[in-house]
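A.B. asks: Listed here are the chains, written in short residue letters.
There are 2 protein chains.
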Amino acid sequence: MIHSFLLVGQSNMAGRGFLKDVPMICNERIKVLRNGRWQIMMEPINYDRAFAGVGPSASFAAAWCRKNEDKEIGLVPCAEGGTSLDAWSVEGPLFEHAILQAKLAKRSSKLEGILWHQGENECSSGLSKLYHEKFLKIVEAFRRELCEPDIPIIIGGIGNYLGSGFLGHYFPEHSEVNQELLEFAKKEKNCYFATALGLTSNPDGIHLNAVSQRIFGLRYFEAYDKRKHILEPLEGEENAINIDSERPLTKAEKTAILEKQFAGGEISLEEYQSQLMS
Amino acid sequence: MIHSFLLVGQSNMAGRGFLKDVPMICNERIKVLRNGRWQIMMEPINYDRAFAGVGPSASFAAAWCRKNEDKEIGLVPCAEGGTSLDAWSVEGPLFEHAILQAKLAKRSSKLEGILWHQGENECSSGLSKLYHEKFLKIVEAFRRELCEPDIPIIIGGIGNYLGSGFLGHYFPEHSEVNQELLEFAKKEKNCYFATALGLTSNPDGIHLNAVSQRIFGLRYFEAYDKRKHILEPLEGEENAINIDSERPLTKAEKTAILEKQFAGGEISLEEYQSQLMS
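In order, the protein sequence lines correspond to chains A and B.
Number 278 marks the last residue of the first sequence (full-length UniProt numbering); no jumps.
Number 278 marks the last residue of the second sequence (full-length UniProt numbering); no jumps.
Each hint should be verified, as a subset may be incorrect.
One copy or any two copies: either way a pair holds, since identical chains are not told apart in the list.
Claimed, not checked - Computed list of lysine-lysine pairs in DSSO-like fashion (alpha-carbon distance at most 30 Å, straight line):
id, residue 1, residue 2
1, K254, K20
2, K67, K110
3, K260, K20
4, K226, K110
Source of the hints: derived by calculation from the structure; they are not laboratory data.
It should be emphasised that the depicted structure is a prediction, and the values quoted were computed from it without experimental measurement.
Between the sequences and the hints, there should be enough to build the whole structure, so can you do that?
C.D. replies: Shown next as structure tokens:
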């Protein structure tokens, strides 16, 4: 039985870290739901845009696999870049789509948690003050619609870098949003906070870079696994980019990577065939 | 109102043509459904694998836009590589997922057609003989579940190259499957066939290459638009790769392309900003 996690929120849950900046994670025990079926995960996981990249869920899943030997984890990607809490309201298509995907996933997995990252769109016009009320409706609706009244929800903080950068003026309330996210996690049942403290961004000053996303995934996992708020960087988290890269690849993993390289036009037929044999 | 088309079948509908081999199609009148919402289409459209590439639907949509000035088309990608007709049976997750996506699309669009490409998985063990019966159940179920009893279904032929190539021995019945697809389209109401005659493949000998997919999309469109079977290459189809590349880009299209390049790490902040201004 696959143990599945629903990925929801905006672009930093979908992932915009550059794939080229970190070692690939390919682990046959990490699956992703596509078209209602599970397949071996390859990044980008949450393809909301043609430029989707590294999010927190790959290293989250790799950390989960280290803890849960011989078990399988499944990721259900439903995050959508640029979306506000209002866009996630329970009457809207994002919420409905996520519920449909999670229900499809539940047919062949046990839904174990929800990973949420959203807040950049609430950083101005007094929206931060409305976060708790709006988000509570969404959380309650997820739990109700999925018949999972106690499912853990892991809530990531937003980047402390948001006030700077060339678009920094869009985020005057970023500290307030972070405070709201933490208070929400503290107050509501089975919600846990993972801080973004010290994480850094792409040149856009908005999106977490790939190395930071690998670290963030470990913080999400620690919050989930220990059922506690993660308020400080983790000890040893600077090695996050190697979370799964020092493990020898299995035959299925080598084959999946070769298939990706060949079907994607990166290697020739001759290279593909000779490497398949080796 | 967006005019939408459901994309179903296996890998050659999803698309495995190499993106680098053809000019990009970016047209603000072509949308794609992601997470229940419409966004400007960027290839790859049907992200069933991390190596998804060019399929027939981009040039289909570009041809549709040429014919339907000032109207918008929406693509609903649900094809999944490596899938058999049995995997598409109406009790399975692929069918259910496609129905859910099409229903989400129908909330904000008019569903105008279904584009189908499948058959490589039926090319051995006598499966070709069962094609008609199995596919008819799927077609009837699509029309029934979507309350679209007369919706046109465009059925592409499979590659004549399938018998050759290093995996050619997997496809002994490829001619029989092609015959079944054509006969199906001729016999069943509002079904139209688009031949793959003369189209060529990637080095794998299985997947249509990018140039052929651009041509194939035009054939699909001709079959849809004229409501007739396309049994021969189209006149002038060799220019298919330029179907949308000679049209000047709009501001929205230029911005979308720049965002993709910047958010994907292809251009620097300085380049992005200077090009945004220009």
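A.B. asks: If the cut is 30 Å between Cα atoms, do K67 and K110 qualify within a copy, between copies, both or neither?
C.D. replies: Close inside one copy (17 Å), not across copies (48 Å); limit 30 Å.
A.B. asks: Can you give me the call for K260 and K20, within, between, both or neither, at a CA distance of at most 30 Å?
C.D. replies: Both: 15 Å inside a copy, 16 Å across copies.
A.B. asks: Could you place K254 and K20 in one of the four classes (within, between, both, neither) given a Cα distance threshold of 30 Å?
C.D. replies: both (19 Å within a copy, 25 Å between copies)
A.B. asks: How do K226 and K110 come out at 30 Å by Cα distance, when the copy is not named: within, between, both, or neither?
C.D. replies: within (19 Å within a copy, 48 Å between copies)
Consistency note: the structure conflicts with none of the earlier hints.
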